[in-house]
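Everything in the sequence shown is counted per full-length UniProt numbering, starting at 1 for the first residue and increasing by one.
Bear in mind the hints are in silico, worked out from the structure with no lab data behind them. Positions of the beta carbon are idealized from the N, C-alpha and C atoms, including for glycine. Take these hints with a grain of salt, some might be off.
As the list claims (entries may be wrong) - Distance windows between CB atoms, simulated:
| id | residue 1 | residue 2 | range |
| --- | --- | --- | --- |
| 1 | Ser171 | His278 | 45 to 55 Å |
| 2 | Arg25 | Gln136 | 43 to 53 Å |
| 3 | Ser171 | Gly261 | 45 to 55 Å |
What the hints assert, rightly or not - Below, a list of computed lysine to aspartate or glutamate pairs in the EDC-like style, where the Cα atoms sit at most 16 Å apart:
| id | residue 1 | residue 2 |
| --- | --- | --- |
| 4 | Lys277 | Glu224 |
| 5 | Lys109 | Asp199 |
| 6 | Lys108 | Glu40 |
| 7 | Lys277 | Asp223 |
| 8 | Lys109 | Asp177 |
| 9 | Lys108 | Asp253 |
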Amino acid sequence: MRAVITGAGGQLGHDLIRVLAPDHRLYAYTKAELDVTNMERVREAVEDARPDVIIHAGAYTNVDRAEGEAEHVFQVNAIGTRNMAVAAQASGAKLVYVSTGYVFDGRKKSPYHEFDQPSPISVYGVSKWAGEQYVQMFCDRFFIVRTSWLYGCRGNNFVSKIVALAERSDSLSIVNDQFGSPTYSLDLAEAIGRLMATDRYGIYHAANEGGCSRLDFVQFILDELGMHGIRLVPCSSEQFTAAAARPANSVFDSLALRLNGMPPLRDWRTALRLFLKHDYRRQEVIGND
């Protein structure tokens, strides 16, 4: 298949290229190479590539900064996604739109599945939900793929931030009232690869199985890296000052994958352990180049 990928410089874009390059012809664009808010530029890129599928992984993802840059955030995440949907429809390509658990308010007491109604509580979340609506409005053949607590060997992510903080301090304050499904970007890329080969269109939750608190997530990272001297201090979201509200619950149930006969992603602990053993050290080497 011929595939256009946006957000090629990010953690998911990097792993999409790793997973798909052996068997597909890729046209991968970083945000500097393709301004998704420019409809004409998007049309040109898609017409030149003649893709079978477009994977729109590019997005504005700084959740806190988004609160003060709402217009720009909507331009990128909503209008940019509309442009990709229009171009996909015009070219006859399938569209994969990568979305987020931040489209939910987090008040549900059990894992979120695809039939739960979105109700975002931040500018970032609203902008991604707007993108989802544009996809469904302008494109017939689409996969909306929501994920939770994504990390990988490229880009700015929670795992790297925690390790950097732990290397500078012997005590970390971590929120213990936010829950999610930590997801390895390599596993998400593989799931997208499986999905795009089908015609089972719709909305999917693709996150590593299971869930944990932010505190449990951090404890697992430090234990696996042998950083046992770090004291973790539990705190509430109210004590942890942030510009944007976070959903208290971003744990996912990948119900649509099961209903469509596709395998769920592996357990979050297994995935994180393998990332820390293999890709995390690779990230350090990349960073030193």
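Now for the hints, and whether the structure bears them out:
1. Ser171 x His278: 45 to 55 Å: Between Ser171 and His278, where Cβ atoms are some 29 Å apart, the hint is violated.
2. Arg25 x Gln136: 43 to 53 Å: 28 Å, violated
3. Ser171 x Gly261: 45 to 55 Å: The hinted range 45 to 55 Å holds for Ser171 and Gly261, with Cβ atoms some 48 Å apart.
4. Lys277 x Glu224: 8 Å, holds
5. Lys109 x Asp199: 32 Å, violated
6. Lys108 x Glu40: 41 Å, violated
7. Lys277 x Asp223: Cα-Cα ~12 Å, so holds.
8. Lys109 x Asp177: 12 Å, holds
9. Lys108 x Asp253: 12 Å, holds
Checked against the numbered hints above, the structure breaks hints 1, 2, 5, 6 and satisfies the rest.
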